[in-house]
Amino acid sequence: VSENGMLAPVDHPLTGPFWTAAGKGQLVVQQCESCGELRWPPLAGCPECRSRETSWVEVAQSGTIWSLVTYHRAFQAELEADIPYSVAMVRLDDGPYLVGRLAPDAHASIGDRVTAEFAKVNGVPQLRWRAEDSPAANGGSDGKA
Amino acid sequence: MTTQRNPIAGQAAIAGLGHTKQGELPGHSAEENAVDAALLALADCGLGPGDLDGLIACKSVQGQGNDVSVGQLLGLNLPYVQSLDYGTCNFSLHLAVMAIATGMASTILLTYGANARSGRFDFGKPMYGADMASAAGLVHIAGRAGLALARHKYLYGTTDEQFGMLAVGQRQWARRNPNAIFRNPMTMEDYLAEPYMVEPLRRPDVTMISDGGAALVVTAAERARDLPHVPVYVSGIAEYAGVRGEHNPENLMRPWLRDSAQAIWARTGLKPADIDVLYIQDPTAVWSLQMLEYYGFCGIGEGGPFLAEGHTLPGGDLPLNTHGGQLSESYTWGWMHLVEAVRQLRGQAADRQAGVPEVAMYCSSHGFVKAAASVLSTSQEVGA
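Residue numbers (the numbering used here), protein chains in the order written: chain A, 1 to 145; chain B, 1 to 384.
Some hints could be false.
Once the Cα atoms are required to be at most 35 Å apart in a straight line, the calculated DSBU-like pairs of lysine-lysine come out as [stated by the list, open to error]:
id, chain 1, residue 1, chain 2, residue 2
1, A, K24, A, K120
2, B, K153, A, K120
3, B, K271, B, K153
4, B, K21, A, K120
5, B, K125, B, K153
6, B, K125, B, K21
7, A, K24, B, K271
In case anyone wonders, no lab produced these hints; they're calculated from the structure.
My request is simple: use the sequences and hints to build the entire structure.
Okay, here's the thing in structure tokens:
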């Protein structure tokens, strides 16, 4: 079990496919097989048409920051080393809203265009957002080895 | 049966109130705190446990203080007993009014008790197990509330000084309330000097968890008139549940608060200008900002300038959370807002009495899924 295993539901049947894809650098969300609606966060059925038939589909790794906060206090021991860190709510170009960490060395504001990158933190893939005009770090490094 | 616009108006009244000391009560269970408050509420209206025919217990966030645990300590078998999972007292009050209106019960005790502070409950821990948001580090209510405030600032230009009027104003009221946990002075300079906790929120923008119990006795209007205090009638109730949750677009802005607002005004025939004293459940000050706007006390996006004008402060024309709210008085899951509303309507609020109010309103919510509002009045005609 990874150190942030309590916070990241990597083994949960509902959310596991996200982490598996993230480990391969892919951004996936649920899609209803009946009405085609893209769905986030994961849910056992479609709230639009009530179908339970669901696939995971890859979406574009780009969007716009809808809102942004910066934590100056760690509310869990697992987060202590990350302080200060920022969390963004991003509206994906493909529709759904996705929450994710801002890359540690990135600066961004609400309304900025961002792209996804995936780092491994204690063996668990972590989705991070980076403003499109800010330089990428050495991507994919084990940020907290 | 013809449909009345507001069939419950004036049918039930709050007759008794009670609460424990708020703060840290080590060695007292949640149930004991609930029952201590309940006995005070019964004494307040000159009744005993044997006069009750209903009990509605509100469980704490930790799931304590349900109807069975409270009923056992009170030693009661009753015709109508329920537990609610939702705090704020509004949901309990609404259920009591419905039980009275349908004849299920006529004199109902509402209880809440918690020991989350001395019990060291971890509010930063994901409450429903691991989830996608906490995997990103979005933990504690300050994270989601902070996202909502940051968006509000981006859209409308709301400033720290404007938003800070909520925390600073609550403290001004709390300084007049001997029951408040935070009574030390806090000027705007003091507030702005506080570091960000989850930017754009500072520590004073978020409640501190406390132990305590609170209780109300709600009874049929004709019974209330025979009891010692001026009856505080329930003039209107409304709820709206946005239980699609995060599958609502922009759910952090809690857009369904607007639906509860439309319902309460439509049912009661009242408008914001009719409200003499206003109560808004405020685990974070963001809730007050949102509800001032959605309930129409100012326009959408105009909360910042409205607060800066001082309407909600002592001496203002819209006294807000005259006990200090959850930011300065105590957490108590919003129950003390209704206790204080009743005190103001009775004229019992001593140094913080806001004139001679006739109509009070309480707006509350359950996290990111539920909205509720109540209008109370010393006049049975209001809302009818």
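Please write out, lowest number first, the hints stated earlier that are contradicted by the structure. 4 and 7
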